[in-house]
Amino acid sequence: MAAGSVAPRLAAVVCVALAVLAPAASGDGATLESVPDLVKAMYLNIESFPCVRLLNLSGEIGCSNPGSEKIIAPIVRFRNNSDQLVQPSTVLLPLDQMPDFFLRVSNDPELHQKVAGVLVESNGVNSLQEFSPDRKFPQDAFAPYSNLSHDWNPAGSGIMWNRYDFPVFLLSEESTQTLRKVSEKNEKSGNGYKANVGEFDLVMQTTKTHTHDSASCLKEQSCLPLGGHSVWASLPPIKNESTEHQKPIILAITSQDSASFFRDRSLGADSSISGLIALLTAVDALSHLHDLSNLKKQLMFAVFNGEAWGYLGSRKFLQELDEGADSVNGISSLMIDQVLEIGSVGKALIEEYPSFYAHAEGNSSASKKILDALQSASKSLGSDNVKVKEAASSNPGVPPSSLMSFIRKNTSTSGVVLEDFDSHFSNRFYHSYLDSPANINSSSIAAAAALVARSLYILASADSPVNLMTLNNIRVNVSLVEEIIGCLLTCNPGLSCGLVKSFISPSNSCPSHYVGVFLDSPSGTQFPSYADDTSRFVWNFLADRTSTLAGNKSSCTGKCSDEGEVCVGAEVEGGGRCVVSTTRYVPAYSTRLKFEDNVWHVLPANSSDPMSAADPVWTESYWNTIGLRVYVVQDTTYDWLVLVAGFSITAASYCAVHVGGSYLSKITKRD
Amino acid sequence: MHVGFRASMTLGTLFWLISLIILSGIWRGFLPITSGAWWPYAILILTSVALQEGTRLVFWRLYKKLEEMLDSFADRISKPRLSLTDKMLISLAGGLGHGVAHAVFFCLSLLTPAFGRATFYVERCSKMPFFLASALIALGFLVIHTFSMIIAFNAYDERKKSDQIFVPIVHLTAAVMTLANLAPGGCLIGTPLLLVMAALTLLYCWRVVCRRLTEHHHRQLSN
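The listed protein sequences derive, respectively, from chains A and B. The number in our numbering is simply the position in the first sequence, starting from 1, with 1372 added. The number in our numbering is simply the position in the second sequence, starting from 1, with 88 added.
No wet-lab data here; the hints were simulated from the structure. Misleading hints may appear alongside valid ones.
Below, simulated DSS-like cross-link-like pairs (lysine-lysine); rule was C-alpha separation at most 30 Å, straight line [what the hints assert, rightly or not]:
{"#": "1", "chain 1": "B", "residue 1": "175", "chain 2": "A", "residue 2": "2041"}
{"#": "2", "chain 1": "A", "residue 1": "1741", "chain 2": "A", "residue 2": "1781"}
{"#": "3", "chain 1": "A", "residue 1": "1740", "chain 2": "A", "residue 2": "1619"}
{"#": "4", "chain 1": "B", "residue 1": "215", "chain 2": "A", "residue 2": "2041"}
{"#": "5", "chain 1": "A", "residue 1": "1566", "chain 2": "A", "residue 2": "1412"}
{"#": "6", "chain 1": "A", "residue 1": "2038", "chain 2": "B", "residue 2": "175"}
Here chain B stands alone, though its shape is the one from the complex (with noise of 0.2 Å):
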């Protein structure tokens, strides 16, 4: 199944890059955001986390029809179907496609001026440095993608309508969150909350698995 994996990971960055794509062509005619005031970038948040959200629906929908196919083909070479514990790898593997290429959007490009002699340090977070701030928040933007996706799946599939609000409203906030960033000092208080967020994701994860496989273990065990 590492060919599944695989395909998970490369359609996950290759969908999130194209939402991206796809959103800053709408938004072009608006930016640069001159205005200091902060409801322009919550406009842009709200917009941006509902497309994407968008985009994981259509993802996991194509990857059901995937998910048809190779049962269909497993059947027919008498190969077993997936197992619950492929299609959490699966989702697992979009989930880290969605998050490197985040890091990879936003990050990436700092490496070289990173590598460089001086530091900078942004006006309004005058006590964290600009580049250790770009990283956590792509560390804990990455652990949120990576781990939403396991929750999304697993949602869509239950049909649980309070995990399959969970993953758009923390995606939200988390974003939303970054806005503290605009406030002089903010980003003291802004990224570690998100880290929390993060955290706080991948405790759900955890739960969402645990509770899943030792169900389906159960129902095995009792057929």
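Next up, chain A with everything else stripped away, as it sits in the complex (with noise of 0.2 Å):
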């Protein structure tokens, strides 16, 4: 029989074949070597951002899995804004689309039924001119006066305040490459038999225990109030404590916080980080004067944290000083004569000379003063050209500030808000991941620091001539406001850097200045276990900056053995050191909560505050994972085609042998 021959004959076509074929193999990048690489190759994890579900007293907003499973969704490249869906999809989404498309789907309920998840794309950020989440006019309700449609951010959409169903998610640059490509193969396989889908998992406790406004899932203990610490420091420090021979304080203030529509991109570069380092430099500048104790006022700074989310933070440092609460022992709200406050100052440089707007409240005479010794300050700063113009009289009043919750309580105030713009935000991505260092100039904010150093030095000179030597040998130091900008707005050196080093070990080298939820004993300690990088920073930095030499030089790591002491660079290799200086951290929270028996109570609105009936009083969802993961999965019909196929091989194989050995002992036995 040639059967023999056969193979050998087969063999030889099939190596000719493969002689062919073979060259046109060329060298696979990525071999995978074991089952572990399979299923990393399998199942792709991509690195993105989440939006998250926040509550309120009435509802919610944010996003969030619409029950407790992961959702799974074939992936779909949105291009224009009148793409249709057919079946319920993962939407690929163009950072330009973003707000159209979130409008849109909070207007069509039937499109809002269809999306089961957005993946939102993070390139070609040079073609958008502006973005912000937020509304025309943030946080309203707690204006100081009645006409709100004023609209200090017209680049507003108002998105992040909606409440979405499905989950969100923000692309980092090389998750975007990645699944614009899967997206491609996607349409290129059309209707087939396989699909790349995304498998969210945005799961939210609120969501499973059916929790859905702040009362109810504080009770249920699904969620937790936003919150922080804010931090104040007096220079020179207080050296007697008791509230009387104490001269009156000019209050320096700003915030340390921001938000976005995705909870861990929230730098908020101009807003308003740029304050904040305005406000640092600016103290490191009067920390080199000798003569500050012989001015008649006393110098006080303020930075306070939860400003984007209801004022928390000024709000809940006003209730201390009615209360007379430890963590502002030594002061009181009578004392309080004048406040400035330092909003968004990186954009100022529109012209060739820095110009910087002053918003008071009203026409007072007290807010005169300081407008007057904004114009001396900026008249002594000459050379440097800093110019300051009072704010357009059509304005309603001051922009959205924290010297709006100081207004609020005590109309008589006299404050005034230095920005960088006049009846609009210069800022076009207010509130957005998009306000980074790219959005700041850091020569606009040294500007504002000289300008505020200066403007303090007169303030608190009060009714006496100016020591003019002194007031011009206020420098600030330019290289310091570089530094913290890599230091507070990048992540490289991000909170790596030297500066934040010799303070604080940072628990991440990526700053984010979201304020995230009120861990802490709120009765408010000086030692707080959950303060994060920022604030800790920040009081590092002001303990430092304010201080005088403390006697004993001792290390420390923790309290300091006078009083009047504090221990600065405590968490730093080899202990801090204690300095006499008064810097006391600040809870921050709302002030219609309370916590008693291990769970937080929603106090009623009190008719004393009006700000209390407009707060929200925000808190944020529990969750157990995030996760966003990409891979392929099976047309359902192909799988149960090869299933059946394995089937009947099977039965084959079975019918084949009992056919084949009855024939087998039917040729044994033959007889």
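Hints are included, so try docking the two chains, each in its own frame, into the full complex.
Printed below as a string of structure tokens:
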């Protein structure tokens, strides 16, 4: 039989075929060497930033999986706004489409049903002129005036305040490329037998426990209130703890937090870390003066946290002042004479010289004093040509700022907000993740710092003549501005920069200025366990710059022996040092919350505190894990086909065995 | 004779695994093959097949010794010796041992990811899922190994040169055919061809067994 010769011939044919085909096999980039490698190649983990579920007294905002299960849906790329969805899909959205898409989804319940999840791309940001997910008048319920139709933020779309019942993630730059390739593959295969799907895990605890507002979720303990720590310091340190024989206080304030659609991408470079950097630099400039204790008034600085979520820091600070709490020991609200707030000061370089605007409430003579001080300071900085103008009288009042809390508390407060805009925000990326260092200018911040430092000196001199020599010697360290920008607004060096590491050991290199949830004991301690990196840095920086040397040069890791002394750099290796300084933490959470029996309670609105009625009492839901994966999924029909084929092979071999066996036994038993 | 079958299958599996261990020991220094060219894989396949066919010979000699022992033991206790059918069944069990070892070695670890939600398509095989291709190849080799053992044992017994060459050639061809999977889209050609080889082996084995049994039956009748 020629069967034996068939095989060699066949082998020869195959070898020839291979010799032709095989050179076409090119080197593969990635080799899978083990089953874990295979699993990693099958399930792509995507680097992304989520938008989470936030709750207030009347409902919810933000994003979440609609149930307790993961969401799996094929990926579709939206090219322009009129694209339609056929089946529940994962939408891959270019950034410039984002406001229109989310507004469309909020108004069209049919489209909302078909959106299983949204992935926002992160490229092409250079083409975007403006993008702000906040409202046109942010936090208008807190304004001390009634004209609420003024558009402080004309770029605002308001999309971050709506509720979405699907997960939304912001992709990083590399993930955007990966996802674009994946969606192209989906388009090529059409309605074939396989599809690239996205798997979202953004299950929120409040969805699982069916608690849809702050009061119920706090009771169920499925959420936590937003909050953090504010810091205040006085220069020079307050010696006498009793409030008698104290000088009137000039208070310079700013805020250290921002908000964004995506909780972990909340930098807020212009609004309002620029103000924070200007304040820290001004404190640094003023710390070189020696005659501050001879001035008529006392300088005090406060950095508030949680201002973007209902002015939590400033309101809590004022409440603590009223109650005479420990955190504000040594000062009282009666002592606060004038308030100067540093708002967004990073974009003042519109013409050749930086130009700032002073916003005052009403026309009180006390505010006039602050405006005059600002003008004198600007004149003294003549060669730098920093201009200060009064804000337009067509403005309804002060822009959204912490000063609103002070004014609502006491309408006769004399206060001025220093901003880089007149009637509308010059920040076109207000409260978006695009408010990054590219959006600000360090010379603008340095100019603001110089202006503020000199104005504060003039204000503290009050009625006595200003020492012009000292005034002209107040200089700002421009490299400090750039250093702090690198520390607080970039990932490289980020919080691992030398300046920050000399004071604290940061938990994260990449800074984020979202206030987060309040984890500490609400009674307010000077050694909080959960203060975030920025608050701890600000506390240590202010304590260091406002300090006078302590008598005993001992190393410390917490409490210092003497009253009036604090430990600067306690977290650093080798311990910190004790200095004489009045720098305190003040808890920053809603004044309508009270912590009792291990549970947060919502208090009814206080008629004596008008802002408490407007407070939404923001809370953030708990979650288990948050993740995003992309993989290929087979069509169900195809799967069933393969299964049926397998079963038929099994059945056929079973039959063949029986038939063959009976035939063979017939052969051997044939007579 | 169930003991014989079980022993044969277990020993078959064991021998196959030992040969694979020896091979991986020899090739350890050269793996992983990072170049995209096909000839390192060809050398790997050539040496592997050669070693495994050598192992088959050793397995056969061991079986012959076992057969002698069993036959002399049967003589002593006046029980019938091993019949031809018994011998063929033992070789079938040995082949199955080989085939099962191959399937387990190459396919078992893929079971866990195969049961997950996702499927996987290798870049060079974008039309057939990876798990399906693996399963089909494992099926092909299982059939080839199982039935070539019968052909091989028969060939060594009868000293038929053409059959003795058939088994290594089929094994080598099937192994070399998997190189087609390296080419883009090659798996669509390679995997069906492999199943054709398996069918070929099955057919050839059937012919060999039928012929041998008929011849043996006629010889017994004429005696």
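Outcome of the hint check:
no.	hint	verdict
1	B/175 <-> A/2041	holds, 17 Å
2	A/1741 <-> A/1781	holds, 21 Å
3	A/1740 <-> A/1619	holds, 21 Å
4	B/215 <-> A/2041	violated, 50 Å
5	A/1566 <-> A/1412	holds, 19 Å
6	A/2038 <-> B/175	holds, 18 Å
The structure fails to meet hint 4 from the earlier list, while all remaining hints are met.
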